[in-house]
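Quick note, the sequences are listed as chains S and C, same order. For the first sequence, the positions run 1 to 156 when the numbering used here is used. For the second sequence, the positions run 1 to 158 when the numbering used here is used.
To be clear, the hints were calculated from the coordinates, so they are not data collected in a lab. Incorrect hints may have been included.
Simulated restraints, written as ranges between beta carbons of each label pair [what the hints assert, rightly or not]:
| # | chain 1 | residue 1 | chain 2 | residue 2 | range |
| --- | --- | --- | --- | --- | --- |
| 1 | S | Q84 | C | K2 | 23 to 31 angstroms |
| 2 | S | R102 | C | K2 | 43 to 51 angstroms |
| 3 | S | S79 | C | A99 | 49 to 57 angstroms |
| 4 | C | T76 | S | K110 | 43 to 51 angstroms |
| 5 | C | N9 | S | H42 | 27 to 35 angstroms |
| 6 | S | Q84 | C | E139 | 17 to 25 angstroms |
| 7 | C | G6 | S | L146 | 35 to 43 angstroms |
| 8 | C | T76 | S | G82 | 30 to 38 angstroms |
| 9 | C | Q143 | S | E46 | 43 to 51 angstroms |
Every residue gets a Cβ at the ideal spot worked out from N, C-alpha and C, and that includes glycine.
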Amino acid sequence: MKAKEGVLDLLYKVVTLELTAVHHYLLHASMCDNWGYERLQHEYHERMTEETTHVSKVIDHVLYLEGEPDVQKLGAVSSGQGVQDLFNADLKLEQEDVKLLREAIAHCAKVGDFTTRHLLEEMVVDSEEHVDWFETQLRTIKQVGLENYLGEQIKK
Amino acid sequence: MKAKEGVINLLNKILTADLTAINQYFVHGKMCENWGYERLHHTVRQRSFDEMKDAEELIEHILYLEGVPNVQRLNTVQVGETVPEQLNLDLKAEQEMLAILSEGVIHCAKVGDFTTRHMLEDMAKDVDAHIDWIETQQELIEQVGLENYLSEQIRKEG
Numbered sequence: 001m002k003a004k005e006g007v008l009d010l011l012y013k014v015v016t017l018e019l020t021a022v023h024h025y026l027l028h029a030s031m032c033d034n035w036g037y038e039r040l041q042h043e044y045h046e047r048m049t050e051e052t053t054h055v056s057k058v059i060d061h062v063l064y065l066e067g068e069p070d071v072q073k074l075g076a077v078s079s080g081q082g083v084q085d086l087f088n089a090d091l092k093l094e095q096e097d098v099k100l101l102r103e104a105i106a107h108c109a110k111v112g113d114f115t116t117r118h119l120l121e122e123m124v125v126d127s128e129e130h131v132d133w134f135e136t137q138l139r140t141i142k143q144v145g146l147e148n149y150l151g152e153q154i155k156k
Numbered sequence: 001m002k003a004k005e006g007v008i009n010l011l012n013k014i015l016t017a018d019l020t021a022i023n024q025y026f027v028h029g030k031m032c033e034n035w036g037y038e039r040l041h042h043t044v045r046q047r048s049f050d051e052m053k054d055a056e057e058l059i060e061h062i063l064y065l066e067g068v069p070n071v072q073r074l075n076t077v078q079v080g081e082t083v084p085e086q087l088n089l090d091l092k093a094e095q096e097m098l099a100i101l102s103e104g105v106i107h108c109a110k111v112g113d114f115t116t117r118h119m120l121e122d123m124a125k126d127v128d129a130h131i132d133w134i135e136t137q138q139e140l141i142e143q144v145g146l147e148n149y150l151s152e153q154i155r156k157e158g
């Protein structure tokens with residue numbers, strides 16, 4: 001089925017962002033593992049799986065709309081010296097993701113592509129949950145202190 | 001543990017090739033699914049997951065050696081427009097991977113890093129198996145013809 005105007009370009013952008021997120025979480029999971037925070041590694045793994053599912057669904061949909069999925073591009077992947085750096089970088093990325101998805105949802109409604117809109121609406125639910133999770137972690141760190149927080153992350 | 005000279009660079013090079021392979025296999029798998037070749041889709045997607053596991057192992061090993069894993073780079077993802085084209089491009093990617101891995105194994109032996117060497121040898125064994133599988137598919141296509149081959153890919157067994 002042919003895509004409505006502008007839909008494929010938006011979906012390509014979504015693929016790039018979701019792929020960047022996969023790389024983010026792949027790296028951050030291993031870093032937490034290396035630091036000994038098994039619980040956080042587990043959390044990152046789960047997020048990576050979710051993002052991979054997103055990439056998978058968007059690529060399926062791009063092919064269905066007779067587009068050519070671009071998996072060559074990648075956004076900036078940030079790391080950091082500590083868990084807080086990772087959380088801040090991830091939060092920023094997820095916020096960008098939510099913004100892009102909302103923009104795409106509005107566009108799909110405008111051009112009358114309700115199938116794509118539906119898919120993106122499901123994805124934005126996950127992304128908003130991710131934003132919330134990172135915000136919660138950063139708030140918890142503020143409340144209980146970094147050492148106490150990290151102490152809780154050693155065991156799954 | 002500190003890495004021996006050149007090992008981190010080498011591991012990052014392999015990581016880039018691996019990350020590229022993940023994406024290439026992923027797209028090829030999806031295209032096969034879109035064309036209706038469920039059996040190929042299944043196999044190719046599994047490859048993508050295997051490469052992901054390798055990437056993770058590499059990242060963990062780089063961190064263990066106190067290096068910085070580079071997950072920012074990607075080589076050119078070569079997407080084929082047909083099944084035979086995909087097989088050709090995947091074969092090329094796997095052969096390149098084998099070349100870097102062999103280079104890595106030799107280098108690790110030279111600088112005396114036998115843990116890394118062992119890991120790379122394991123990976124090379126997987127790559128060998130992948131190359132063998134692709135070559136078998138190409139041989140099959142030659143023997144039974146593309147149409148017969150593809151019609152066998154419509155259903156997944158089991």
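Against the structure, the hints come out as follows:
no., hint, in the structure
1, S:Q84 x C:K2: 23 to 31 angstroms, "holds (26 angstroms)"
2, S:R102 x C:K2: 43 to 51 angstroms, "holds (46 angstroms)"
3, S:S79 x C:A99: 49 to 57 angstroms, "violated (29 angstroms)"
4, C:T76 x S:K110: 43 to 51 angstroms, "violated (35 angstroms)"
5, C:N9 x S:H42: 27 to 35 angstroms, "holds (30 angstroms)"
6, S:Q84 x C:E139: 17 to 25 angstroms, "violated (54 angstroms)"
7, C:G6 x S:L146: 35 to 43 angstroms, "holds (36 angstroms)"
8, C:T76 x S:G82: 30 to 38 angstroms, "holds (35 angstroms)"
9, C:Q143 x S:E46: 43 to 51 angstroms, "holds (45 angstroms)"
Figure legend: structure checked against the earlier numbered hints; hints not met, in rising order: 3, 4 and 6.
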